Amino acid sequence: MQGGCFCGSIRYEIPEGDYLVVNCHCTMCRKTSAAAFVTWIIVPSESFQYLSGNPKSLQSSTKATRHFCPDCGTPLAFFTEERPENTDVTTGSLDNPEQAIPTADVYEDSKLSWLHLAKHTEQKQ
1 MQGGCFCGSI
11 RYEIPEGDYL
21 VVNCHCTMCR
31 KTSAAAFVTW
41 IIVPSESFQY
51 LSGNPKSLQS
61 STKATRHFCP
71 DCGTPLAFFT
81 EERPENTDVT
91 TGSLDNPEQA
101 IPTADVYEDS
111 KLSWLHLAKH
121 TEQKQ
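Take the sequence shown: its position 58, counting from 1, is numbered 58 in the working numbering, and each next residue is one higher.
Treat the hints as calculated values from the structure; they're not laboratory data.
These numbers were taken from a predicted model, which means no experiment stands behind them.
Hints are supplied without guarantee of correctness; some may be wrong.
Have a look at the derived ranges for each label pair, beta carbon to beta carbon [said to hold, decoys possible]:
#, residue 1, residue 2, range
1, Asn54, His116, 32 to 42 Å
2, Ala64, Pro15, 36 to 46 Å
3, Ser113, Cys7, 33 to 43 Å
4, Gly17, Ser113, 31 to 41 Å
5, Asn96, Ala35, 16 to 26 Å
6, Asp109, Gly8, 30 to 40 Å
7, Lys63, Glu108, 19 to 29 Å
8, Ser9, Gln59, 15 to 25 Å
9, Ser113, Glu13, 36 to 46 Å
10, Ser113, Glu16, 17 to 27 Å
11, Glu82, Ala35, 21 to 31 Å
Once the Cα atoms are required to be at most 25 Å apart in a straight line, the calculated DSS-like pairs of lysine-lysine come out as [said to hold, decoys possible]:
#, residue 1, residue 2
12, Lys63, Lys111
13, Lys56, Lys31
14, Lys31, Lys63
15, Lys31, Lys111
The C-beta atom is built at its ideal place from N, Cα and C for all residues, glycine as well.
Sequences are here, hints too, so could you generate the full structure?
This is the structure in structure tokens:
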């Protein structure tokens, strides 16, 4: 699977696979994306690689770093010391985000009160 930023400066690749995909409602994801939540596909860190371009890093907490395009601002990836074996990739930056269907919500305690999502019951094959 490939993806990249809005302007095309940065491209990345991850192998096809059966990955966990979650909607994150934490306040940091909301602020850094300017969205109600961010959907992440969680992949093994050794499987994620940039093909072109150099993302900018933002130290968003003492334990986490976020990558984004320095030209267009597209959020791309999230890295945390708590899960160094995983890289979280924004599903919205995938070329085909339909491949990454969320199956869980995290940090629902900070979910916006006006946000009501349809519950995912069965993934179509």
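Here is how each hint holds up against the structure:
1. Asn54 x His116: 32 to 42 Å: At roughly 39 Å between Cβ atoms, His116 and Asn54 fall inside 32 to 42 Å, so the hint holds.
2. Ala64 x Pro15: 36 to 46 Å: 24 Å, violated
3. Ser113 x Cys7: 33 to 43 Å: 34 Å, holds
4. Gly17 x Ser113: 31 to 41 Å: Given a distance of about 35 Å, which is inside 31 to 41 Å, the answer is holds.
5. Asn96 x Ala35: 16 to 26 Å: 20 Å, holds
6. Asp109 x Gly8: 30 to 40 Å: For Asp109 and Gly8 the Cβ distance comes to about 37 Å; the hint holds.
7. Lys63 x Glu108: 19 to 29 Å: 21 Å, holds
8. Ser9 x Gln59: 15 to 25 Å: Cβ of Ser9 to Cβ of Gln59: about 21 Å, so the range 15 to 25 Å holds.
9. Ser113 x Glu13: 36 to 46 Å: Distance hint for Ser113, Glu13 holds at roughly 38 Å.
10. Ser113 x Glu16: 17 to 27 Å: 37 Å, violated
11. Glu82 x Ala35: 21 to 31 Å: 23 Å, holds
12. Lys63 x Lys111: 22 Å, holds
13. Lys56 x Lys31: 17 Å, holds
14. Lys31 x Lys63: 17 Å, holds
15. Lys31 x Lys111: Holds, because 13 Å separates the two Cα atoms, which is no more than 25 Å.
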